[in-house]
Amino acid sequence: MSKILIVDDDPDIQEACRLVLEKEGFQVGCASNRAEGLRAVADVKPDLLILDVMMEEPDDGLTMARELRRQGFTEPIIMLTSVNAAMGLTIDRDDEMVPVDKFQSKPVEPATLVAQVNELLGL
Amino acid sequence: MLKIPESTTRDDIVAIVERHGADRTSLIPILQDVKTAEHEISDEAMQIVADLLGIHPVEVYSVATFYAFLHGATEGRYVVRLCGTLSCDFAGKTAVAEALRSALGIDFGATTDDGVFTLEWASCVGMCDQGPALLVNDRVFTRVTPEKVAEIVAQYRGKAADDARQDIVTARNELTYASIAAGAGLKAALALPRGDIVDTVSGAALKGRGGAGFPTGMKWNFCAAEKSEHKYIICNADEGEPGTFKDRVILRDFADLVFEGMTIGGRAIGASMGIVYLRAEYAYLRAHLNDVIHQRREAGLLGANIGGIEGFDFDIVVARGAGAYVCGEETALIESLEGFRGEPRNRPPFPAVAGFLNHPTVVNNVETLASVACIFAKGTDWFKGFGTDKSTGYKLFSISGDCEKPGVYEFPWGITIADLLKEVGGGGAKAVQIGGASGVCVPARDFARRLAFEDIPTGGSVMVIGPQRDLLDVAENFLEFFVEESCGQCTPCRLGNAQLLDGVELLKSGACSAAHLADLKALGATMQVAAKCGLGQTSPSAFLSIVGAFADDVTTRPQRA
Ligand SMILES: Cc1cc2nc3c(=O)[nH]c(=O)nc-3n(C[C@H](O)[C@H](O)[C@H](O)COP(=O)(O)O)c2cc1C
Ligand code: SF4
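Chains A and B are the protein sequences, given in the same order.
Going letter by letter, the first sequence gives residues 416 to 538 in my numbering.
Going letter by letter, the second sequence gives residues 934 to 1494 in my numbering.
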């Protein structure tokens, strides 16, 4: 059973993603900020990460994605965020600055999220 | 079709436009050159420029009349601008003004009949530690006395050329910048992937030194993540905040560190062009900055494939401001660089998304950029060894007013006002104005407070106010400044500052009722939330802090007959 970690400061998003993904049979863990998220990645060793951007700092998710890649975390990351709408940005994934596998703006349809997870996990 | 009158100056203007390029972004440099050549920007000249740039003459007029150093009217060969800032006031500006009036035989705003001199006020020329100060064209004179006025006037009457290169000695303590080996920071940064450069700056928790204290790493992070073919990094060297002159010292003595910081920033965000927006009052630094840029190009530190990194092309140009305090505000600065009036923009979009020419742009203060170079040279732990948890590193403070040793001083963030005053011989002060005209006035009973983002944040201006000073004069000086410098776009600022200034006059004459004062305080509070940009949001701060902290003094003036 694949383990998925959700790092998002919004408990509603955590809960919604958890419900959707648990229903699909995934084991789901949650963290609410960057520091907790980094610890959880080390402890849980998730097979996939769903990562928010705007947490304690508005750019936390960008910084955390790079930090994880620097630490050698190679599992897929879905960046699930409303940063573009909130800040008027046009960010997308890129190897240097946004090293994630999918960049998904909130809100996301449950089916889309599940499809992305399955695709990235090769299921 | 626009009808262009025949003119003897048309060829000159064509040559100027050709030199700068017939592009809207060249409008201000073009007008600056026209002004230098003609000592005026005539209606005819505006029409010719408009025609050559393919814009309406009213556009040219609206820009020319916005900037203090441009305005259309005929000026003398030498424009004498006496600094009106509080520190120059304390140092004896009024007597110098009188001496200038009598030596030139004209009042402020006028030109001598022979067309040699024009006399004007300047908002702040950034010589607050050595006032009274004045500019004659680009040249600055400090510690001017009434006696020295006669000498200066005689010197210009008999002289044709104006040597704009100048060395200005500023008192200081030991500055960390002096201990940083040139090139070390850039070398360390260029060895890192772009993302790591951003993360290093974030890791150092560097906050902007221009006043607002925005986290530098975050600004770079968003701009770096944006997708765009063109990006820009701008060094904000407008330093117009009254009582601030530390950027002048950094630009003069540590320009390499500033350019290193810009180059590192350029690499991080993916910019290939850096622009230094240098205030008009610092024109005498321009040749020096261009020399340093030239040397860096020769050394391969600017240009193509810097540091051997394929595709990392980056260069720096120096743009001249034209005498408008509001152009220090980053979106007004960008408007100015684009050839428009320096009117702040609405946000969002932020410059990191849509800045110069609508491309992602980072604007950073001179000192922020120099600090970036130090962080890469010495490491984030070293940097965080200075200051407090929330305000890491060290800061340059521009200290002026009633103290024995005014100058530029470096202290770690978190220093108390009392300790700072001890260092500069400011004992006996009854208040200090922290953060310039847009900052707050702190009474002596609060001198245990700290200069830090978590207590009293500041861009570094500290004006010491001695026991002999009248705080209503202080408020008046600042409000006159804001009335002059408001861009006029929004009502709270355009009318609010004038109302507050009226209120100060009423307080001075003992004619301000308690009810009216309450209204003025409410007005100030409204401006803080309703003004469009930082200028109008902060302009009531000094007034509000003075009528708050010194209520017993300012509300008890005897009524004047
Ligand atoms: C009226 C006004 C004037 C300003 N003047 C300056 C200035 O002269 N220099 C400066 O660096 N920032 C100035 N700022 C702040 C800039 O808008 C901007 O925040 C700053 O350049 C960002 O750089 P930093 O983050 O490195 O401090 C001014 C802001 C306002 C509202
Ligand atoms: S607050 Fe003042 S300077 Fe800023 S936009 Fe309004 S009028 Fe212009």
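Quick caveat, the hints were computed from the structure, so don't treat them as lab data.
As the structure is a computational prediction, the values presented were derived from the model and not from experiment.
One should not assume that every hint holds.
[Stated by the list, open to error] Quick list of in silico lysine to aspartate or glutamate cross-link-like pairs, DMTMM-like style, CA-CA up to 25 Å:
id, chain 1, residue 1, chain 2, residue 2
1, B, Lys1120, A, Asp510
2, B, Lys1160, A, Asp510
3, A, Lys521, A, Asp507
[Unchecked claim] Computed from the model, here is a short list of chain B residues facing chain A with C-beta under 10 Å:
id, residue
4, Ala1032
5, Ser1035
6, Ala1124
7, Gly1128
8, Ala1145
9, Pro1148
10, Ala1157
11, His1163
12, Pro1282
13, Gly1481
14, Phe1483
Glycine included, each C-beta is placed from N, C-alpha and C at the ideal position.
Using 10 Å as the Cβ threshold, decide whether Ala1145/B counts as touching chain A. Interface hint status for Ala1145/B: violated (15 Å vs cutoff 10 Å).
Using Cβ atoms only, decide whether Ala1032/B comes closer than 10 Å to chain A, and label the hint accordingly. 53 Å, violated
Sort out whether Asp507/A lies within 25 Å of Lys521/A, counting only the CA atoms. Cα-Cα ~13 Å, so holds.
Hinted contact Gly1481/B with chain A - closest CB pair below 10 Å: Since chain A brings no Cβ nearer than about 33 Å to Gly1481/B, farther than 10 Å, the hint is violated.
Restraint outcome when Gly1128/B is required to lie within 10 Å of chain A by C-beta distance: At 4 Å from the nearest chain A Cβ, Gly1128/B passes the 10 Å test, so the hint holds.
Closest C-beta approach of His1163/B to chain A relative to 10 Å, hint status: 14 Å, violated
Can the hint on Pro1282/B be confirmed by a CB-to-CB distance to chain A that is less than 10 Å? 4 Å, holds
Pro1148/B as chain A interface residue, shortest Cβ-Cβ below 10 Å: Holds. Min distance 7 Å.
Is the shortest C-beta separation between Ser1035/B and chain A less than 10 Å? Not OK, violated: Ser1035/B not within 10 Å of chain A, min 56 Å.
Cut-off 10 Å, beta-carbon criterion: hint that Phe1483/B touches chain A: With a minimum Cβ separation of about 38 Å from chain A (threshold 10 Å), the hint on Phe1483/B is violated.
For the pair supplied as a hint, Lys1120/B and Asp510/A, confirm whether the alpha-carbon distance does not exceed 25 Å. Satisfied, since the Cα-Cα distance of roughly 23 Å is no more than 25 Å.
For the pair supplied as a hint, Lys1160/B and Asp510/A, confirm whether the alpha-carbon distance does not exceed 25 Å. 12 Å, holds
The structure does not agree with the numbered hints 4, 5, 6, 8, 11, 13, 14 stated previously, though it agrees with the rest.
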